[in-house]
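Given the sequences, and given the hints that come with them, work out the whole structure.
Residue numbers (the UniProt record's numbering), protein chains in the order written: chain A, 1 to 396; chain B, 1 to 396; chain C, 1 to 396; chain D, 1 to 396.
Some clues are possibly wrong.
Which copy is meant is left open, so a pair is good if it fits within one copy or across any two.
Calculated lysine to aspartate or glutamate pairs in the DMTMM-like style (CA-CA distance at most 20 Å, straight line) [stated by the list, open to error]: (1) Lys-393 x Glu-380; (2) Lys-343 x Asp-321; (3) Lys-393 x Asp-332; (4) Lys-393 x Glu-372; (5) Lys-343 x Asp-319; (6) Lys-343 x Glu-93.
Source of the hints: derived by calculation from the structure; they are not laboratory data.
As a plain string of letters, each chain reads:
Protein chains: 4
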Amino acid sequence: MNTPTTTVHTGRHFLQIPGPTNVPDRVLRAIDMPTIDHRGPEFAGLGLAVIEGAKRVFRTASPVVIYPSSGTGAWEAAIVNTLSPGDRVLMAETGQFATLWRTMAGRLGLEVDFIEGDWRHGADPAAIGARLAEDRGHTIKAVMVVHNETSTGVTSRIPEIRRAIDQASHPALLLVDTISSLGSIDYRHDEWGVDVTVGGSQKGLMLPPGLGFNAVSDKALAAAAANTSRRSYWDWHEIIAANRTGYWPYTPATNLLYGLREAITMLEEEGLEAVFARHDRHAAATRAAVRAWGMEILCADPREYSSALTAVMMPDGHDADQFREAVLARFDMSLGTGLARLKGRVFRIGHLGHFNDLMLMGTLAGVEMGFEVAGVPYREGGVRAAMDVLSGKARP
Amino acid sequence: MNTPTTTVHTGRHFLQIPGPTNVPDRVLRAIDMPTIDHRGPEFAGLGLAVIEGAKRVFRTASPVVIYPSSGTGAWEAAIVNTLSPGDRVLMAETGQFATLWRTMAGRLGLEVDFIEGDWRHGADPAAIGARLAEDRGHTIKAVMVVHNETSTGVTSRIPEIRRAIDQASHPALLLVDTISSLGSIDYRHDEWGVDVTVGGSQKGLMLPPGLGFNAVSDKALAAAAANTSRRSYWDWHEIIAANRTGYWPYTPATNLLYGLREAITMLEEEGLEAVFARHDRHAAATRAAVRAWGMEILCADPREYSSALTAVMMPDGHDADQFREAVLARFDMSLGTGLARLKGRVFRIGHLGHFNDLMLMGTLAGVEMGFEVAGVPYREGGVRAAMDVLSGKARP
Amino acid sequence: MNTPTTTVHTGRHFLQIPGPTNVPDRVLRAIDMPTIDHRGPEFAGLGLAVIEGAKRVFRTASPVVIYPSSGTGAWEAAIVNTLSPGDRVLMAETGQFATLWRTMAGRLGLEVDFIEGDWRHGADPAAIGARLAEDRGHTIKAVMVVHNETSTGVTSRIPEIRRAIDQASHPALLLVDTISSLGSIDYRHDEWGVDVTVGGSQKGLMLPPGLGFNAVSDKALAAAAANTSRRSYWDWHEIIAANRTGYWPYTPATNLLYGLREAITMLEEEGLEAVFARHDRHAAATRAAVRAWGMEILCADPREYSSALTAVMMPDGHDADQFREAVLARFDMSLGTGLARLKGRVFRIGHLGHFNDLMLMGTLAGVEMGFEVAGVPYREGGVRAAMDVLSGKARP
Amino acid sequence: MNTPTTTVHTGRHFLQIPGPTNVPDRVLRAIDMPTIDHRGPEFAGLGLAVIEGAKRVFRTASPVVIYPSSGTGAWEAAIVNTLSPGDRVLMAETGQFATLWRTMAGRLGLEVDFIEGDWRHGADPAAIGARLAEDRGHTIKAVMVVHNETSTGVTSRIPEIRRAIDQASHPALLLVDTISSLGSIDYRHDEWGVDVTVGGSQKGLMLPPGLGFNAVSDKALAAAAANTSRRSYWDWHEIIAANRTGYWPYTPATNLLYGLREAITMLEEEGLEAVFARHDRHAAATRAAVRAWGMEILCADPREYSSALTAVMMPDGHDADQFREAVLARFDMSLGTGLARLKGRVFRIGHLGHFNDLMLMGTLAGVEMGFEVAGVPYREGGVRAAMDVLSGKARP
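See below:
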């Protein structure tokens, strides 16, 4: 009875990687409607709705540019609009995605000052401030930081980084990647003085992948206007001009925009504050489980715990990917792999997007049972500890 | 952090009533296709596929009649085809659905011998045998039993009932309601010598409600041919005749038939034996949880435990419906209510249909956390016990 | 180039039978959502919405009972609630559906006075009045008429029939089948003094098949209360009682009800008057085409032209079904067959439901080209004539 | 009756712009499934299926790179992989899309020799050959041509252009835009010796917009390997490497890939030759209609007629966009606008993608009736002429 022989999975797959996340039925059904003329009057209503809605989610009064692209494309867009080959930028090694963005910056000709990190901490505001203070000649054109590092479950403190830049009285632009935080973790483009916020559709926005976002400050727009860097597809100017009446200069990903309209509606029905509080609760419950299992959370600084995902360190001598494969085979749940230097050493639990208490409990039970079936040493009680948090029995 | 103030639910609802069950995406998407001409050549392929597929699920070589109706309609069809007003039938009071079927039988003019029950046991083969043995004149025309009593989580032992009828050498027809067992619990129309099996779409068949089924033995067909009872919509004859070429005498529920075709495909991809084993595992895990909580399972005879649902008795002084409402409000999970004489005294956990280990764990965690938030006295450890069953740590 | 060799059809099928009709994407997508607990609080909102909405479509303040059934089931429901075996009823032979309803009435034990017809006219108010006038003893318990005879494209004049009954001062109930008129052709349950209106989901309501309707007057309810006829599934009483709070006594076809809610919304967005005017225009254009082709419309009385479908008589020596098969094979369009005595002699063009001018033009072009490819003698100009009507160039 | 007062459209919109095209239900429903882990084993099956399938549609044994982007992005990808700022390229002014691609080339730093055109002819193989022959120093690095010019309905003769290049013994790469021809008009990447073929999802591939394609010859790959141009998102190397096992280096547009898999299945069920023949028939019928109306086809050379769309010249003194608006308002059909220098002077009828004879007839009837309601002078008979082509009565 305890040795299922079938390999056919039934019931719903648990997609608990830190993105793409579980897409709500309402969003999928919205996408599943006939494509309309992207030059016709009906489209303008859709276009304006998603552009204005996106601004509310990014918390900005400035333009938000929506690309048919992955989030990686939106990274590139942020760079080619504001920076030119040879420009110097300051980045912080928070994990694999910061490293990939740095690699891209290099390929696009930027000179990157990369503040090394241990992949267990966020970008250090003090270190950034120090580097900028040293840069008397203001050769650093931009500070580029990943808000929520998807590879580690560490959330950098953007307001403190902003203050560090300001305290150094440095004119560098601030570019922030919110691909895995937007719509899950509190984020304020305008209030925090960010110049370019990079987003993607497939995480907190609860959409399939295929849309990239740039929220763009006036300062960034001015930098772009002055920037002679060669670019075409990613160029903000034409898109923002066309967006004024709800259109795009080239064919947008119409059906994904249907989904975006519905996803924004859902986020606003719940309320962004409630969305963030929900993610905080689920993250707290997850960490309670991890501690009860006797395992270590990768994120070393409680101020930087991610509410979108939790990376868990495997006990020595146990391979995280073997564990993940066992969980997938036995319990039909996808967990996030350890990336690059973390390969085999951590697994990641995504608890963001269209999610709730019982989905989280199924997730954590799958992890705890996965330890059992994969022979990973653990203490019982993780699921119990999470229930105590969610039911209010325990303070997290 | 532990006091969510939002009333907007996110993530997937946990529909853990014992039917309607969670409809697979594949089935919903199959239904979501344009309706076709029910008299055209394409329809015949659909019709034959679902008629033949249904026969494999009912495990019969005899006709299966598919109605545009609820399961209640299929109850009526079984009666009006084989029995006439004034006919005497033998029924067993296994719970609310047996009682409702009896009420229907009365309304349709049958004289019902109702073997009383305590709603904690299945139909008693010995009692049935005894009644039939007494009936020397063979005035009892049919024995009517509910296989899986949805109101109690008790599964009657049909093969033993069949043997009891045979041992009494009684010619009564055997009519069995499998609405909440078909596709979840082992059932064999032909091998068990059942004359009419009544089914519905919205439980183990993983469809929305709207289809009713009658599997019909040769003996039942002969009884119907001789039966002068007035009937039209439910009459088997015309439907079976039209079904030979894949059609229906009146417009069938085309789109639900699309879903039925897909659902049968899914059941056969998994394999019926694997489907039943899965339900057995989940039921065992659920019972382990109930026992660990220190609660009582309504079903009193382990031979009759239902693999489709488990009815749990509430501690004295606690209302099951208040508990259910708390679970719905806080954890967005629907549990089954106690029906009729069980109102307020039990709640029912559905663990049938399109379901898996982690969905069950979310379900049981919702129950355990529900006890906490609703102030119902319980022992911790139910979720833990279920995990031990599902992970193979404990023998159930 | 003119001899396509592929048998794989592309593009959208033209479903131009007089029902099931083309289901709107919005309705299919509404159906394609997870089934909910039919006893939970969310369901009540759905239930009340469709019950109240259906009343607006039937134009009644009285209850509308919605069954999980085909329209045929709703026929049976109308009979078994109001009439008893042995009761005498008056019916009019308007075509195949009137004949089938009469057959059902006979099977259910009614004694039917069937006013013969030529299948080219509606029910004759004068003949009905005469029969009722003769019935001094008021032995006729009901007049049963098909509003729009789907087999012939003839719409009976219900208000005149009502007047005939009134003029005869006869107490008979008036039962009307609106399966293929409701939501397409003006119909007023209350204003016209109808006692039971029978409806189905798959025509003007733009849904897949699977729902049956009975709108029920106070007089019909009183008749039902006094009626001792055996019935259970179809019994109005329990359903109407449960409907008061938005529920059903047995599991309703939840997902089709989602679709019904959306379909009613769409009908009301367009406005019922606009819906009827649209159907009138399309019918006028279709008749203009038929006349231009030199063919004869089956309906012999212009007062009774159906706005939902047009039955066209084939030239002598040409088989309508061979023509239909050629159209299906070559142009992927389903046309309605000639039924019973009309077999091979007429084909039917459905122009009801979710439909518009260009869909009609594709339909009529398919007919006109079908004549060409099937070698049916015709005059060119049908499509042209319809365009003149639709573009306003010609008065229909 | 001829003056509909409602502005609510019913029935299906006719999306007859030359892309985005009507997306088949099967494709939309395939997209409407839960997003899966793009790093998991199930994804690899999807990835390999679409990569291999795309190669069959492009008719190449070389890699096809699939981007989360619009077709415009795929234009940029073709350029930045093979060419560097300062490189000289030869382009032909076939219409607005050739002009836009030229503008992009300029923005990306290329020096463009632009062979002027009248927007009524395709790229002239002789002119291209002559320019290349003059280029003794082989400073021209690439010839860039639009296969099917979506703005004009003119299809350039790629094989002849290939021959012209070969006859000039010129080493330039051949880059071809097939955004509006792929899957509609015969195209052979390998056989025709094309180096980079640019495609998009939203035309003949019958998908929503959001995917861009580059089919890449060995020669193009070699050029890319030697090309030091700065690029990251569009770089072929990493994608092709990851594609070998079915993955992507960044998150692909998973759900659109579901749709692509289904669309390729549909194209292959019909057979590419049959798909092309169907488009040829529909284009021939459309041209017959245009001629019968007494209007002029924009494409001046019958060898270059597009089978995907037909651009129609408006009579002098009549504005094409006013006509299009009237058609949209009255008949709910979207036609393509005249672009740039053709603004107001032509409208475009898309007859590509998921389409069939009766959809075309609805389309052409909408145009003919549109002339009537908009007061555009025309001769009757266009619809008739198209029917004669489609029914085989007339040779086109």
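Next item on the list: Classify it for me, Lys-393 with Glu-372: is the Cα-Cα distance of at most 20 Å met within a copy, between copies, both or neither?
Entry: between (26 Å within a copy, 7 Å between copies)
Next item on the list: Could you figure out if Lys-393 and Glu-380 sit no more than 20 Å apart (CA to CA) within one copy, between two copies, both or neither?
Entry: both (18 Å within a copy, 12 Å between copies)
Check: Between copies, within a copy, both or neither: which fits Lys-343 and Glu-93 at Cα up to 20 Å?
Finding: within (17 Å within a copy, 52 Å between copies)
Item checked: Status of Asp-332 relative to Lys-393 across identical chains (alpha carbons, at most 20 Å) -> Answer is between: at 19 Å across copies they meet the 20 Å cutoff, but 30 Å inside does not.
Margin query: Checking an output row: Lys-343 and Asp-319, CA cutoff 20 Å. Within, between, both or neither?
Written below: Within one copy only: 9 Å inside a chain, 51 Å across chains, cut-off 20 Å.
Notebook entry, point to check: From the Cα coordinates, with 20 Å as the cut-off, is the pair Lys-343 and Asp-321 best called within, between, both, or neither?
Noted result: within (8 Å within a copy, 49 Å between copies)
Violation of the numbered hints given earlier is absent; every hint is satisfied by the structure.
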